[in-house]
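Take the given structure of chain A and dock chain B to it, following the hints.
So you can see what is in the structure, the chains are spelled out below.
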Amino acid sequence: MATMEKSPVLVVLQLSGGNDYMNTVIPYNDPLYRDYRPRVAIPEDQLLPLDHDIGLHPSMGPLRDMYTQGKMAIIHGVGYPNSVRSHFRSMDIWHTCEPDKTGTEGWLGLATRELDPRKDNIVTAVSFGPCMFRALSVSGVPVACVDDLETYGLLTGISPEPQRAKILERFAQTYSPLIGKDEVMKYLGSTGLEAMAGADILKVAPQKYASTVKYPETSIAKKLKGIAQIHFADLGSRVYYCDHLGFDTHANQGPVHATLWNDVSQGIEAFFADLHEHDAADNVLMFLFTEFGRRVRDNGSGTDHGAGGVAFAIGDAVKGGQYGEYPSRKPADLTQGDLAPTLDFRGLYATILEDWLHVDPKPIVKGSFEKPRFL
Amino acid sequence: MASEDIGLMAHLMRRAGFGASREELEARAAKGYEATVEELLNPEAEPVDRYEFLRYHPGFWKPITSPGMGSAAWFHTMLNTQRPLEEKMVLFWHQVFATGQSKIDHWHELITQADMLRDKGMGNYRDLLVTLAKNPAMIYWLDNCDNHGHAVNENWGRELLELFSMGVGNYTETDVREASRAFTGWTIALTPPRGYYNRWDWEFEYIEEDHDDGEKTFLGHTGNFDGEDIIDIIVQQPACHRFIARHLYNFFVADEAQVPAWQTTPPRDPKAIETLAEAFADSHCDMRSTLRVLLLSDFFKAARFAKIKSPAEVVVGLLRLAGGNEFPAPGIGNLAKQPTYMGQELLNPPSVEGWHTGAEWINSGTLMKRVNFAATVLGDLSRPGIQSMLKRLQSQGDLSPEGFVDRCLDLIGPLELQPEVRQRLVEHAGEGGTLSWRTEYDTSSSTKRFGEMLQMIASLREFQYC
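Chains A and B, in that order, give the protein sequences.
Counting in this note's numbering, the first sequence runs from 1 upward without gaps.
Counting in this note's numbering, the second sequence runs from 1 upward without gaps.
These aren't lab readings, by the way, just hints derived from the structure by calculation.
One should not assume that every hint holds.
With a straight-line cut-off of 25 Å between C-alpha atoms, the simulated DSS-like cross-links for lysine-lysine are [said to hold, decoys possible]: (1) A:K166 <-> B:K448; (2) B:K301 <-> A:K181; (3) A:K119 <-> A:K366; (4) A:K6 <-> A:K71; (5) B:K301 <-> B:K337; (6) A:K222 <-> B:K448; (7) A:K101 <-> A:K366; (8) A:K186 <-> A:K6; (9) A:K222 <-> A:K203; (10) B:K271 <-> A:K101; (11) A:K203 <-> B:K337; (12) A:K166 <-> A:K6; (13) A:K186 <-> A:K119; (14) B:K301 <-> B:K391; (15) A:K330 <-> A:K319.
Just so it is clear, the structure is predicted and the values come from calculations on it, not from any experiment.
The shape of chain A in the complex, shown without the other chains:
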């Protein structure tokens, strides 16, 4: 089939709350693992071994299959120097690549600006969920924020249509970016205009969508389905962002963590099945990350905030396998009881930016970092 060359698309799935690295990608042959974690260690007969040393959490079956097919990269020991154990500060650092000061510009907002410098397409970046992520936030860069694709539209309650059109025209005038006493007012102005235009563009996506794939009835699957619908509608969107909440497993970690990975793995499985059914998978890279890993020792029921974590890259273009080095679990090598990161996350971003989105990473990640070569 003759196809035009497709532009690369990035889908970010943020695992909010601090996903527990050691129970996600399990160093099951290390006796220290069981010593540290008498209450939350995954029994060896349940985990999904990838090799002699490493196994995945039992709920990650679909991801294990992707790994076996060579479509998933596991990136070990990701973090940054002097790890912060506050969720919010750490997430901000991941979003802005600014570990030393409070950053205001998100890495994917900056990437979106490079991808579409003249703002030709206001749905170049799409955020799923009622809130926008700081990773996408850069002054002057439009982001379409979608909660429910089916009801997306401005002043839809006003009728008849000619009257609505007239009001919308006035709306556009009053939101003019030329009028604005300060930055916030200007931000509201451009956001209003983008909402109006974005709604017109995005409303076609669910109308055009047809698929035999059944997504699970979970919040993450709903978001991924929305992303698939927009992707299939060929609207030129390049960056999609969504998250799944609840990885802050201080307590009752066993069943909680299992449910989380069950929902995430099955959602991703359905998403990629849908992409393949529509011959739309080859230009999609999915990236999963979390703000930090969790403490090496359990606390009797769960695990507290830690440092080094794990990230994943999934897609047809990914060179599957493991990248980087699993941080040492030896007591002397831990920092404050946590895994010391072995890879700076900004190197991971650099791989995605340079080798996938073809954007110069240096001004975005602010420096040069070791790049894991999973693409």
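For chain B alone, coordinates are given in the frame of chain A:
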């Protein structure tokens, strides 16, 4: 009535309440600003009767897990309260002590927590913290029920210092550990297992055998501390006084950087923070005294329209202005979900950090929801508040397009517009000519134009500010 007095009173009522009708503003302005502040701080009106709500919605008596419906009772209170500052303080503390259904899975305990915040929110902060530390929803939310003498769980200890009292940079990892030890044994009493339709109420319990009674060193103090001792040390810290001052400023005065950035971003108005921190320290952490200083200050009075409304303020403000939803009719559950669609699901914040506020409330999706909801409510001419605005407008007689726009802005706020924006509205009004009520035809067309003008005003950027 001087319009300046009305403008200032409207500002006070937007911040210390959910806005007010023109009638209420005039009545309050006649009593004076200081008297109004005093009345807000020490309200005499009867609290909203929860049983009024429960009588018509018995299913909300100890709601269990019905998704998204649990905040309906609180929503009903916000719509009806005549003690608006008290209710605003529930929202304030709910943002600071953000606790969510996503993990609690027990609406009744969250409603109980909100009731506690209403009861104690304007009192002494030290007592509030102690009560909070014993609040079952909080204990479960931050896993203090898993904080044992032999196995410390740091979640509550860390967030108490980071998010509830001092902020990052004012304590060490060792302080987190030591504070957590002091709260070991502070837990929830065992309850019978949950059934399909019921959960048991949670009760605080102190288990002495599970408490680590050993010596602890916390913020330079050493002793065999219990949780209350830790809180006593915290409330003496200047960092704590500044922390509460910044929260109050951000919530009541003007949007500024949020908690995670406080370590690196100085306050927008350092003198105001100093004033508030001092009032807080001098009053031994009395919220009412500190609020009085804030509401009477010049920096507060000068901060008109310096904040983006939160979704709860948008929805409750519109419904109180337009009226018609005071009675807990069927559908109030769905109405209570409106803030959720705009990014603020009450009793279910995204994390213990609370919501990202200020301009971060706004994105293309949430702005759309705000505009659509406002247009629906204000375009409904059958609502009593809209009818009363219409009568006031009619009493002005014939109005030029300018007069029509200005009267509407006055009735809805008073709202201040950028001149170019006002000009657009005047142009739109001009297309219909003079607003007149002389004939039945005039009246019907002017009424329609009035509804449309309200919708247009409500969709403006300026309307998102409070």
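Margin query: To test your reading of the hints: which numbers does this structure violate?
Written below: Those not satisfied are hints 5, 6, 8, 12, 14 and 15.
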